[in-house]
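Visitor: I would like the entire structure built from these sequences, with the hints used as guidance.
So for the sequence shown, my numbering puts the first residue at 274; every next one is plus one.
Everything labelled a hint here was simulated from the structure, so no lab data went into it. Since we're looking at a predicted model, the values are computed, not measured. Some clues are possibly wrong.
To be verified - Calculated pairs, DMTMM-like style, for lysine to aspartate or glutamate (alpha carbon to alpha carbon, straight line, at most 25 Å):
hint, residue 1, residue 2
1, Lys463, Asp314
2, Lys463, Asp415
3, Lys463, Asp453
To be verified - Pair ranges (Cβ atoms, derived):
hint, residue 1, residue 2, range
4, Ala443, Gly476, 27 to 37 Å
5, Ala450, Ala427, 21 to 31 Å
6, Asp447, Gly479, 22 to 32 Å
7, Ser475, Glu367, 20 to 30 Å
8, Thr431, Ala387, 34 to 44 Å
The C-beta atom is built at its ideal place from N, Cα and C for all residues, glycine as well.
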Amino acid sequence: MTPTTPETPTRPVVVGLLGGVAAGKSAVSAILARHGLVVLDADRIAREVLESPEARPGLLRLFGPDAIDPAGQPDRAVIADRTFRDQGLRAGLERLVHPAVHTRLEAELEAALAAGHSVVLDVPLLLERGWTERCDHVVFIDVPLQARRQRATARGMTEDDWARREAAQAPLADKRAAADTIVDNSGSLKALEQQIDQLVTSGSLGPRH
Numbered sequence: 274m275t276p277t278t279p280e281t282p283t284r285p286v287v288v289g290l291l292g293g294v295a296a297g298k299s300a301v302s303a304i305l306a307r308h309g310l311v312v313l314d315a316d317r318i319a320r321e322v323l324e325s326p327e328a329r330p331g332l333l334r335l336f337g338p339d340a341i342d343p344a345g346q347p348d349r350a351v352i353a354d355r356t357f358r359d360q361g362l363r364a365g366l367e368r369l370v371h372p373a374v375h376t377r378l379e380a381e382l383e384a385a386l387a388a389g390h391s392v393v394l395d396v397p398l399l400l401e402r403g404w405t406e407r408c409d410h411v412v413f414i415d416v417p418l419q420a421r422r423q424r425a426t427a428r429g430m431t432e433d434d435w436a437r438r439e440a441a442q443a444p445l446a447d448k449r450a451a452a453d454t455i456v457d458n459s460g461s462l463k464a465l466e467q468q469i470d471q472l473v474t475s476g477s478l479g480p481r482h
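Guide: Next comes the structure, spelled out in structure tokens:
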């Protein structure tokens with residue numbers, strides 16, 4: 274009898290993604306989603322939290338009326354500009370948003386696992402916030418610094434913003450040390466797909482315990 278090739282783990286697992294800013298975590302998430310894993314995107318949850326009525330008083334307290342655009346939605350350009358220039362405002366915004374993001378991410382993770390789905394955690398501060406402790410397998414996406422800077426600016430991020438985001442995260446050496454697998458995303462999307470496909474079909478994403 275020909276053995277079957279494992280496509281997804283036998284029980285739900287949690288896969289965490291690590292890498293520098295603009296390393297390609299969204300691309301890896303999309304590839305894993307095609308293999309049936311549910312992607313939990315912390316940036317998406319943060320946007321939803323920021324746009325919620327519950328966040329409105331805090332935004333007005335931190336930034337004043339300029340934080341709300343004419344359509345009644347958070348003005349992301351204003352918020353981004355002011356938090357970039359003022360560390361106190363950035364810390365205040367994090368205190369406003371991060372607890373709610375953590376609660377919602379935890380709830381979505383538990384719901385997905387309870388439904389039998391394996392999960393990808395696309396969380397910018399995966400290591401810093403302790404989410405690696407919830408992961409069965411951690412993937413580090415390796416891309417040279419200059420390539421990541423070029424990719425970031427190509428999608429509209431300023432070099433200053435890229436550098437600020439990079440500095441706010443754990444050192445790459447720490448992320449690499451926390452990973453179970455390292456994938457190279459310095460080449461083409463096809464090359465990345467081949468690496469992730471091999472990772473899944475080999476059964477390497479199975480549970481640690």
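Visitor: All hints, please: hold or fail.
Guide: These are the hints, each one checked on the structure:
Of the pairs offered as hints, the one joining Lys463 and Asp314 holds, with about 23 Å between alpha carbons and a cut-off of 25 Å not exceeded. Taken as a hint, the Lys463 and Asp415 pair is honoured in the structure, with Cα atoms around 16 Å apart against an allowance of 25 Å. Proposed proximity of Lys463 and Asp453 is supported: the alpha carbons are some 22 Å apart, at most 25 Å. Ala443 and Gly476 have their C-beta atoms about 29 Å apart, which keeps the hinted 27 to 37 Å range intact.
The beta-carbon spacing between Ala450 and Ala427, approximately 29 Å, falls within the hinted interval of 21 to 31 Å. A hinted range of 22 to 32 Å for the beta carbons of Asp447 and Gly479 is consistent with their spacing of about 25 Å. The hinted range of 20 to 30 Å is not satisfied by Ser475 and Glu367, whose Cβ atoms lie roughly 38 Å apart. Checked against the hint of 34 to 44 Å, the C-beta distance between Thr431 and Ala387 comes to roughly 41 Å, which is consistent with it.
The structure shown violates just one earlier hint, number 7.
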